[in-house]
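Undergrad: So the sequence shown is numbered by the working numbering: it starts at 3 and just counts up by one.
I should point out that these hints are in silico values taken from the structure, not numbers from a laboratory. Just so you know, these numbers come straight off a predicted model, no measurement behind them. Just so it is clear, CB atoms sit at the ideal spot from N, CA and C, and this is done for glycine as well. Mixed in with the good hints there might be a few duds.
What follows is a set of in silico ranges between Cβ atoms, one per label pair, in the way DEER data are often shown [stated by the list, open to error]:
1) Ala468 <-> Glu155: 18 to 26 Å
2) Gln446 <-> Arg302: 39 to 47 Å
3) Arg470 <-> Arg91: 49 to 57 Å
4) Gln446 <-> Gln331: 55 to 63 Å
5) Arg57 <-> Ile448: 14 to 22 Å
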Amino acid sequence: MGPADTDSLPLYDGAALTAWNGRRQAAAISPASVDAQVAEALLALITRRCPDVRRVAVLIGAGGNGRQAAAFLKRCRTTAWQAVGVDGRQAQGAKGLLPPCDAIVDGLVGTGLHGPLSAPYRALGAHVRASGRPVFALDGPTGLDLATGRVAEGAIRAHFTLFCATAKVGALTGAGREYSGETLTAEVGVPGVLDEVSVCIPGARALQALVPRRPQDAHKGRAGTLAVVGGDRGMPGAVRMAATAAYRSGAGLVMAVVHAGHAAVLAAAFPELMAFAANARTIPWSRVDALLVGSGLGRRDWGARLWEEVLAMGQPLVVDGDGLYWLAQAPRARADWVLTPHEGEAARLLHTTVTAVSADRRAAATEIARRFGGVCVLKGAGTLIAGGGRTWLCPAGNPGMATAGMGDALAGTIAGLMVQGLAPPEAARLGVFVHAHAGDRAAQAIGATGLLTSDLTACVPASLTALR
């Protein structure tokens, strides 16, 4: 990692927590000091988010979470709040165990969970869910594996999560995002060290350093040429959305290589696009700096032939959609491509189930990068970018992006950055963040419900400009 990465945020899994505790001990920072800071931060969070709270139920478990919950309970005694502690280990079958309250603090179990919940915790979780009260979780909600994002049966769903020291990867990807609610971090004086962790969120300066700069005498040839290959019968829209995103991210020229029945239609509807029938002899392949293959490629013999032709060309690739299907049929590895699967496509590549992938998204992304080379972008809530020994996580994006064509737009954004000179890992990292922030801009402008891919791609230039 270079100097531009120094503002990146490390995300801790189990192994890195050991290193964190070692630094805490070396710095002579006592557990009591950490607990007091977390309690103070939690008090401020509840006051801001639920100003009318007067009665708080504090669920106390074993380990660090229970210790911090107890510290918060003690801190509440110096306020006007009525706070009642609940020992989670005594919860099984206890009717009415949860006292009357306006809010609940979940301090049962955090980073120590790597399996099913005990019966007492499941019983107490049922009381919490039935209460309908806002839940504030310490480090993560009970039942969520903070290293993987796996959700155990009977898990508590938090409205707010307060991390101790730094964010936890399992709370920010996959189902973990839904169960963790709004997330914040309590700074407790122990800095993260990037070299000790394998998962990070890139910081603003790190991303800013990747944004391509155009010289004053730029022309379209210097901004790169991309070929988007796909668009079998009935699927020209996928190519159009990918090509639009590539142009919006700064590509100088975009070509579409599609089924013969779509070339003329695409050229007429999208005048900036050079459209060619896949069987044409006049396709200017020598001008192409990178390729995007898979958008609307289909699973017929037509798509299979085109897939093999593209692989033989030797240019850097972004592989999406049905390109990933053909890759799963005949696996191979390359260092110069970016693979962009969603969980279903990832399961096919790994010969496993979607359930297995969603239970440990980081492991799935890492394994795809290991098997197939290059970079794996595992799409979804908390998109992961794995490759080169490190995994990056994008916390941006919103549920409105769960609609047709968003994957094509992401692939086009990454490919558009690649043709401007970014190496596949950097293009993937920047492209994921630009795409996600564009989605957030679009949702803020018009709302998440009914968001279209074209709404997002229109916001890509503004997202790049904001980084500059």
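Undergrad: Now tell me if each hint is right for this structure.
TA: Checked hints:
A hinted range of 18 to 26 Å for the beta carbons of Ala468 and Glu155 is inconsistent with their spacing of about 42 Å. Range check, Gln446 to Arg302: about 40 Å between beta-carbon atoms, so the 39 to 47 Å window is met. Between Arg470 and Arg91 the CB atoms are about 54 Å apart, so this pair conforms to the stated range of 49 to 57 Å. The hinted window of 55 to 63 Å between Gln446 and Gln331 is violated, with their beta carbons roughly 41 Å apart.
Taking 14 to 22 Å as the suggested C-beta distance range, the pair Arg57 and Ile448 does not conform, at roughly 40 Å.
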